[in-house]
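Knowing the structure of chain E, use the given hints to seat chain F on it.
Just so you know, the sequences run in chain order E and F.
All the letters of the first sequence, read from the start, carry residue numbers 548 to 1100 under the working numbering.
All the letters of the second sequence, read from the start, carry residue numbers 548 to 1100 under the working numbering.
No lab work stands behind these hints, which were simulated from the structure alone.
Be aware that one or more of the hints could be misleading.
What the hints assert, rightly or not - Some chain E residues near chain F, calculated using beta-carbon distances under 10 Å:
(1) S733
(2) S735
(3) D1015
(4) V1075
Cβ coordinates follow ideal geometry from the N, Cα and C atoms, glycine included.
Number of protein chains: 2
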Amino acid sequence: MTVWSGLRSLRMTTPMEGQAPTGASDEQRTRSWWGWGWAELALSDEQCAHWAATIPGLPDRPLPVPSLDDLDLPAPRVAAPASLAAITTTALDQRAGHTYGKGYRDVVRALHGRLDAAPDLVARPATESDVVAILDWAADAGVAVVPYGGGSSVVGGVEYRGGDHAGVVSLDLSRMDRVLEIDEISRSARIQAGAMGPVLEGQLRPHGYTLRHFPQSFEFSTLGGWLATRSGGHYATLRTHIDDFVESLRVVTPVGVNESWRLPGSGAGPSPDRLFLGSEGILGVITEAWMRIQDRPDHRASTSVTFADVADAMTAVRTISQSGIEPANCRLLDPGEAALSGTVGGGATVLVLGVESAHHPVDGDLALLVDIARDHGGVPAAPEDRSARDGGRDRAADAWRSSFLRMPYTRDGLARMSAIVETFETACTWDRVEELYHDVRAAMGEAIRTVTGADGLVNCRFTHVYPDGAAPYFTVIAAGRRGDEVRMWDEIKAAAMDVLSRHRATVTHHHAVGRDHRPGYDRQRPEVFAAALTAAKQALDPAGILNPGVLIG
Amino acid sequence: MTVWSGLRSLRMTTPMEGQAPTGASDEQRTRSWWGWGWAELALSDEQCAHWAATIPGLPDRPLPVPSLDDLDLPAPRVAAPASLAAITTTALDQRAGHTYGKGYRDVVRALHGRLDAAPDLVARPATESDVVAILDWAADAGVAVVPYGGGSSVVGGVEYRGGDHAGVVSLDLSRMDRVLEIDEISRSARIQAGAMGPVLEGQLRPHGYTLRHFPQSFEFSTLGGWLATRSGGHYATLRTHIDDFVESLRVVTPVGVNESWRLPGSGAGPSPDRLFLGSEGILGVITEAWMRIQDRPDHRASTSVTFADVADAMTAVRTISQSGIEPANCRLLDPGEAALSGTVGGGATVLVLGVESAHHPVDGDLALLVDIARDHGGVPAAPEDRSARDGGRDRAADAWRSSFLRMPYTRDGLARMSAIVETFETACTWDRVEELYHDVRAAMGEAIRTVTGADGLVNCRFTHVYPDGAAPYFTVIAAGRRGDEVRMWDEIKAAAMDVLSRHRATVTHHHAVGRDHRPGYDRQRPEVFAAALTAAKQALDPAGILNPGVLIG
Chain E
548 MTVWSGLRSL
558 RMTTPMEGQA
568 PTGASDEQRT
578 RSWWGWGWAE
588 LALSDEQCAH
598 WAATIPGLPD
608 RPLPVPSLDD
618 LDLPAPRVAA
628 PASLAAITTT
638 ALDQRAGHTY
648 GKGYRDVVRA
658 LHGRLDAAPD
668 LVARPATESD
678 VVAILDWAAD
688 AGVAVVPYGG
698 GSSVVGGVEY
708 RGGDHAGVVS
718 LDLSRMDRVL
728 EIDEISRSAR
738 IQAGAMGPVL
748 EGQLRPHGYT
758 LRHFPQSFEF
768 STLGGWLATR
778 SGGHYATLRT
788 HIDDFVESLR
798 VVTPVGVNES
808 WRLPGSGAGP
818 SPDRLFLGSE
828 GILGVITEAW
838 MRIQDRPDHR
848 ASTSVTFADV
858 ADAMTAVRTI
868 SQSGIEPANC
878 RLLDPGEAAL
888 SGTVGGGATV
898 LVLGVESAHH
908 PVDGDLALLV
918 DIARDHGGVP
928 AAPEDRSARD
938 GGRDRAADAW
948 RSSFLRMPYT
958 RDGLARMSAI
968 VETFETACTW
978 DRVEELYHDV
988 RAAMGEAIRT
998 VTGADGLVNC
1008 RFTHVYPDGA
1018 APYFTVIAAG
1028 RRGDEVRMWD
1038 EIKAAAMDVL
1048 SRHRATVTHH
1058 HAVGRDHRPG
1068 YDRQRPEVFA
1078 AALTAAKQAL
1088 DPAGILNPGV
1098 LIG
Chain F
548 MTVWSGLRSL
558 RMTTPMEGQA
568 PTGASDEQRT
578 RSWWGWGWAE
588 LALSDEQCAH
598 WAATIPGLPD
608 RPLPVPSLDD
618 LDLPAPRVAA
628 PASLAAITTT
638 ALDQRAGHTY
648 GKGYRDVVRA
658 LHGRLDAAPD
668 LVARPATESD
678 VVAILDWAAD
688 AGVAVVPYGG
698 GSSVVGGVEY
708 RGGDHAGVVS
718 LDLSRMDRVL
728 EIDEISRSAR
738 IQAGAMGPVL
748 EGQLRPHGYT
758 LRHFPQSFEF
768 STLGGWLATR
778 SGGHYATLRT
788 HIDDFVESLR
798 VVTPVGVNES
808 WRLPGSGAGP
818 SPDRLFLGSE
828 GILGVITEAW
838 MRIQDRPDHR
848 ASTSVTFADV
858 ADAMTAVRTI
868 SQSGIEPANC
878 RLLDPGEAAL
888 SGTVGGGATV
898 LVLGVESAHH
908 PVDGDLALLV
918 DIARDHGGVP
928 AAPEDRSARD
938 GGRDRAADAW
948 RSSFLRMPYT
958 RDGLARMSAI
968 VETFETACTW
978 DRVEELYHDV
988 RAAMGEAIRT
998 VTGADGLVNC
1008 RFTHVYPDGA
1018 APYFTVIAAG
1028 RRGDEVRMWD
1038 EIKAAAMDVL
1048 SRHRATVTHH
1058 HAVGRDHRPG
1068 YDRQRPEVFA
1078 AALTAAKQAL
1088 DPAGILNPGV
1098 LIG
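One chain only, chain E, in its complex shape (with noise of 0.2 Å):
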């Protein structure tokens, strides 16, 4: 597969350098209804046609930021009682806004003014009460009920997409976001389900704590939805998604509201939360759940090694991953990957690590991780680039977290330029990760030539590692036709759930299942749990309201 040579790096293509997505003046931004995050912080044409000179076969000019009043939704088929009026709206910005996530396909849509399937309503519920009403209006009414946290869905999580309904409502927690109540001798917090990532931590901080994840999406996600969609976070080993920290959950369900006992630990019968957690608001809708939360850390240390053979790479991060050392990060990136985060160029495998700790220095546990690296033939970065030195951080992950969160504009941008570019992950066993990579790359590179005639980039990363297997993660960018680009995104999707389910790896690792990600999801969930899934969802939403066409059905 050719690596344009105009694209070496996004980062060097992109003009946001020094931006910072957020800042003091976020109460001042407004949220995009069509893309990702600040409406203020969207790239500009100039700054989207830059890509015409580097990716071969984009149009000269962007498309243009859609405008609200060029849309002509569909009249709202429902209108919510006079009980709950003053917290349901059918304002034409809260309707384009709650149509979709955030995906690639979404994006796209919205760009070109495709809104066909707006909700007629969106709620914000203040109260859990607020939440039980409207349920018990939308199972009376034959509502179809769309749980929204952020928004952030990039698998169609939040987008209703037919049914026999009499309408639908897109039921916005975010109102909800406060911390209740911080527990500081169990170190835990009761917080609601609408608490974005930001206003989460905020409420934190002050007294010495921190949740501590950090999906990409972190800004514009709430804590409702991570744990809906069970949600990859800041940690790479060990404790890596929002499951691991819940203590209880309180989920409001049409048939009534489940709360678990806050417990560190139980046997006793299958875990309640479990059900829940990933169960992508079909079940209920969680409204607010006691979190384990951390010690912010002050004793932090982290490297960057490269690799000229990505295969040594892998070998090195199993071994890690197998060493009991369990660091925070643990990020390989491939060499594209490498080269596009801007990270390093010339070809080169990059492997990041990173200890912390609130406790007691963590110096010496980076130095076995770099010893190991260096037994597969790692070349950790110089003395000058680590960085125990200069608040814990070295060069090359300062570059890619500042390219992990601008990353979502650039997309935007590529997407107003009709170029193909979105991710998926996954994740399998360590004796079929190689063969995973090397195969999927091949399929896709295949599949991209097959859709658009030309070729396009493939490029992997592992956002979190386990003793038995790693999470690899794939960005995709290709040149797409104006106006077809979300058939062809799909048809390359498809390949990448084919080759996926051949290698039983699963559809998601933290992305969740959501619409998009069903022909895989039907085929690697076991029929007879989902015959068990099928019933409880039968026995909690006896309507049928709650987000339909998710997961099952």
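Relative to the frame of chain E, chain F by itself:
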């Protein structure tokens, strides 16, 4: 509460000193049908009678070891079809041995010859097809199926307690005990569910691996039993339950075989495995699992620390649990428990700490742990008692382990003396731990006095700890009245479940629910989750044959 002067240490009064529960002669030994483990290792009459002098209120002589010849079991109500004849039996010893688990109330009933609920048949499948055939026949014939691994349940998990079934078959998986496959790259093994601890470890050891799951029942319990009951194992922190080592499961249900994909991690819907982990045989029969295995550790360090004040010791343990060091062993023994186990006397609280690694030295970690303990008033063992130098164990830890493995035999001897002797365990968040500890001891002391008319012993240890809480494990010893022991214990246990429920502490951290814990579990389990579990059960076991009465229904 009085600590009887004569019973400062069960260790000192147990003349089994130096007698290993397992040994080269296992093959010549016979499994006890009425009590723990090997019949040959049961205490002698003289050994039992010894306690009459130390525990006030006991009779002079023990109940005799019961004889199969004296049993008069009801005739089997059902016969297996000819196709199952080779794998089923109605032999008296098998029916008697499969009537109960190995809880106190089980042993006492067996001692008194009360085996009315003996299964009609015992099946010993050799293959998964056998399991399917048995379930098919049982569903057609309306025969209840009680899955049976090692039969070590202490919560009535393997005991049929009535209903409208045509008969009862105990489904003993112990012939399915092979490690089928080892994946050295992913460090995983495919293991049949009927493998008991030593059998399983014996197959992994030549390859340099261990599952490292050592519940007290280790010698006489199976992988499938551990999985079905969410067993608690070797590690005191982090990966405390068998759940954390599961890569995938195969489960035979009446509607088909459920097999999950081997995955190191996934975010694809609610975890299928987590529905079956802890399902205690009501949803299906676990036949095999891919398990994450470990390199055998060769770096170890451990020590013990004594505290004058139990509250200080708890604070030290909490600080350790929140430090991120994650010791393999972190066992707190309250003064009574420390004395009873022969670890130390003098009213001290003892904390046994252990760290281990297959990869790197761990002395530094132990030093950090000891520093924390010292900060909270702990006095570490004198250097010559620590034991990086003699293989990584110290005398206190050795005394503990020895006592730990002998305890069930001792328990049987005490039961023959009509002592009431049982344990129960729980978990709760740190904010409630100290109050719970005192309340349980007070409530149990009161219950013992009410039920027996005299004082008893109520000791506590913490078996597992978490950043947000601990798992206290209580031991109760009191003098019962011969012939009335079960009723007396049931009353005392009901008081225990009441006090746990009041504190919203789990009814079980790792002993499971079975039938005995149903009253507490019914209070703990959210109603909505119960509805979901009931629906799942009906979908997977429409004839209602699987382990009826456990968990729900």
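Each hint tested on the structure:
no., hint, result
1, S733, "holds (4 Å)"
2, S735, "holds (5 Å)"
3, D1015, "holds (4 Å)"
4, V1075, "holds (4 Å)"
Comparing the model with each numbered hint stated earlier shows that all of them hold.
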